[in-house]
Amino acid sequence: MHSLNDPQLLREIIMDHYEHPRNRGLVDDDSYLKINMNSQTCIDNLDIQVKFDGDKIEDVRYDGEACAICTSSTSIMSELVKGKTKQEAQKIIDNYMNMIYEKDYDPEILEEAIAFQNTYKQANRIKCATLGWSGLVALMKESEE
Amino acid sequence: MFDVNQIRKDFPMLNGKKMQGHPLIYLDNGATTLKPQVVIESVCDYLTNYSGNAHRGDYDLSHEVDEHYEKSRDIVRQFINAKRKEEIVFTSGSTDSLNMIAYGYGLTHLKANDEILITVAEHASNTLPWFDVARLTGASVHYIDLDETGRLTLENVQKAVNENTKIIAVAEVTNVLGYQAPMKDICQFAHERGIVVVVDGAQSVPHQVTDVQETDIDFLAFSGHKMCGPTGIGVMYGKYDLLKDMKPTRLGGGSNSRYNSCGVVTLKDPPYRFEAGTPHIEGAIGLGAAMQYLMKIGMNHIHEYEQELRQYCIQKMLQLDNVEVYNPHSMGAIAFNIKGVFSQDAASLFNSYGIAIRAGQHCAKILDEFLKVSTTLRASFYFYNTKEEIDAFIEVCKKGDDFLDAFFK
Chain R
1 MHSLNDPQLL REIIMDHYEH PRNRGLVDDD SYLKINMNSQ TCIDNLDIQV
51 KFDGDKIEDV RYDGEACAIC TSSTSIMSEL VKGKTKQEAQ KIIDNYMNMI
101 YEKDYDPEIL EEAIAFQNTY KQANRIKCAT LGWSGLVALM KESEE
Chain D
1 MFDVNQIRKD FPMLNGKKMQ GHPLIYLDNG ATTLKPQVVI ESVCDYLTNY
51 SGNAHRGDYD LSHEVDEHYE KSRDIVRQFI NAKRKEEIVF TSGSTDSLNM
101 IAYGYGLTHL KANDEILITV AEHASNTLPW FDVARLTGAS VHYIDLDETG
151 RLTLENVQKA VNENTKIIAV AEVTNVLGYQ APMKDICQFA HERGIVVVVD
201 GAQSVPHQVT DVQETDIDFL AFSGHKMCGP TGIGVMYGKY DLLKDMKPTR
251 LGGGSNSRYN SCGVVTLKDP PYRFEAGTPH IEGAIGLGAA MQYLMKIGMN
301 HIHEYEQELR QYCIQKMLQL DNVEVYNPHS MGAIAFNIKG VFSQDAASLF
351 NSYGIAIRAG QHCAKILDEF LKVSTTLRAS FYFYNTKEEI DAFIEVCKKG
401 DDFLDAFFK
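Line by line, the protein sequences are chains R and D. Under the numbering used here, the first sequence has 124 at position 124, and the numbering climbs by one with no breaks. Under the numbering used here, the second sequence has 116 at position 116, and the numbering climbs by one with no breaks.
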């Protein structure tokens, strides 16, 4: 597991996902649910696609224009939830949001996403660090309808 | 003599306010400005010692409010050198003023095939009302080309005008690129063709001498909070004849002299017909105090000092390889980016050093078509900023590559 107290490592995680985002790029496939996440208060603008296979999240894709925090947090999210059941993904999402809003959370389950543990210190970046995650939440909900 | 250290003592926010543990360096003056003690006191004085309504009571207190409120109107008149104080309408700000002009004058005077000229550098508040008024009247919005640096020139105005042009609505100084438009020349050219000139003064009136008679502009909109005044108060200036010929966009108490049950309404004369409802009295009084404060320093001194600051900052920025400046030669805000760093990430880095600058599109969402970058950083000065603050700003520009520092401090 990552050291929670090594800013250098956490910084490298964010930079790595910003410069080499995983699962980036949309696919032309109707079996994916799609949503545009366009922050009303800043510039971040991402399209997010999720493919569900029954209860399982089979694939997560995204693309658009976004800052380092938004891009890397979405990239890490996509890796974390891919292949998980919705229930497992929900648990990760709940812990991530708890971390962002300074509540109790389990760092183990968040893996690389703990890189965003300081977001609350730059309150204006909370939107950036949660935009992709909120898109996933919306699509999970849509898949239930 | 202009003494910035003396001036800074007037602003409580410059004496003790911290951001992220650093003394605040406020470089977002294009968004709003800090308030001097005299403005704060004038607002408190109204609220504490003579709070009552204006134009509404037959008792001494109300008369006292009237006097202060109308005195502020006259201070505004003096500040922009309008011919008479009846040409000064208090509004909630530039956006309100521009909407009143578009819907109160544009909507009632434009017809199908008429043309409104704006530029891509206009603020949303000088763009969206015109889009809507064009849709409602069958008129159309066209763009005056900017020159290669982003400047509005008389020559390009002349190219854009045709026999259908009825209104030219432009910023005297634009909010991202900061170039000064040749208002006097534009007005002269426009008036020879019967075209009305609407000026967005939000970024010019706070920073330079304004003389509406000299430039001969027809309408002027500006905000109080961008010039040391309170938020929620602004001004719509209009030549008196145009105001007479203009419809109020809001009707109600205080704007009419009489009406009957048949719906026959007699409106008051300008400016009162445009000020329905209880006005923002403490705002108007605060704006008057702000303008008196600025005039005491001298708008020419303020302008000169701000240009000196800008020059100082630009020279240092141009020496940095990792910084791209989009408008080195203008006179307003500095639009720039740190190469390879998304503007929002960079703004967070500045924040972590206590420096307030803005990232984004700055309410000029079609300007990207001109700049070829979707978002920028914007540093904007006021007369209370110092070279020492700019030095600190430059040091953070140099750290641009470490923008994630903000996240791990």
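Just so you know, the hints here were simulated from the structure itself, not pulled from any lab data. One thing to keep in mind: the hints can contain errors.
If the Cβ cut is set under 7 Å, some of the chain D residues that face chain R in the computed set are [what the hints assert, rightly or not]:
(1) 1
(2) 188
(3) 277
(4) 344
(5) 345
(6) 356
(7) 363
(8) 375
(9) 407
Using 35 Å as the maximum straight-line C-alpha spacing, the simulated DSBU-like pairs for lysine-lysine come out as follows [unchecked claim]:
(10) R:121 to D:339
(11) D:71 to R:121
(12) D:365 to R:121
(13) D:365 to R:34
(14) D:184 to R:121
(15) R:127 to D:387
(16) D:268 to D:184
(17) R:127 to D:17
(18) R:82 to R:34
(19) D:398 to R:127
(20) D:365 to D:399
(21) D:399 to D:372
(22) D:17 to R:51
(23) D:372 to D:85
(24) D:18 to R:121
(25) R:103 to D:399
(26) D:85 to D:316
(27) D:339 to R:82
(28) R:127 to D:339
(29) R:127 to D:268
(30) R:127 to D:365
(31) R:127 to D:85
(32) D:239 to D:18
(33) D:71 to R:127
(34) R:127 to D:296
(35) D:18 to R:103
(36) D:316 to R:121
(37) R:34 to D:18
(38) R:121 to D:239
(39) R:121 to D:399
(40) D:71 to R:141
Quick caveat: nothing in here was measured; it's all calculated off a predicted structure. Don't be surprised by glycine CBs; every beta carbon is placed ideally from N, CA and C.
Results of checking the hints against the structure:
no.	hint	verdict
1	1	violated, 39 Å
2	188	violated, 40 Å
3	277	violated, 29 Å
4	344	holds, 4 Å
5	345	holds, 5 Å
6	356	violated, 11 Å
7	363	violated, 12 Å
8	375	holds, 5 Å
9	407	holds, 6 Å
10	R:121 to D:339	holds, 25 Å
11	D:71 to R:121	violated, 46 Å
12	D:365 to R:121	holds, 29 Å
13	D:365 to R:34	holds, 25 Å
14	D:184 to R:121	violated, 49 Å
15	R:127 to D:387	holds, 34 Å
16	D:268 to D:184	holds, 32 Å
17	R:127 to D:17	holds, 26 Å
18	R:82 to R:34	holds, 16 Å
19	D:398 to R:127	holds, 27 Å
20	D:365 to D:399	holds, 28 Å
21	D:399 to D:372	holds, 25 Å
22	D:17 to R:51	violated, 50 Å
23	D:372 to D:85	violated, 44 Å
24	D:18 to R:121	holds, 15 Å
25	R:103 to D:399	holds, 32 Å
26	D:85 to D:316	violated, 44 Å
27	D:339 to R:82	holds, 33 Å
28	R:127 to D:339	holds, 23 Å
29	R:127 to D:268	violated, 48 Å
30	R:127 to D:365	holds, 20 Å
31	R:127 to D:85	violated, 46 Å
32	D:239 to D:18	violated, 44 Å
33	D:71 to R:127	violated, 45 Å
34	R:127 to D:296	violated, 43 Å
35	D:18 to R:103	holds, 26 Å
36	D:316 to R:121	holds, 30 Å
37	R:34 to D:18	violated, 43 Å
38	R:121 to D:239	violated, 50 Å
39	R:121 to D:399	holds, 20 Å
40	D:71 to R:141	violated, 59 Å
Checked against the numbered hints listed earlier, the structure breaks hints 1, 2, 3, 6, 7, 11, 14, 22, 23, 26, 29, 31, 32, 33, 34, 37, 38, 40; every other hint is satisfied.
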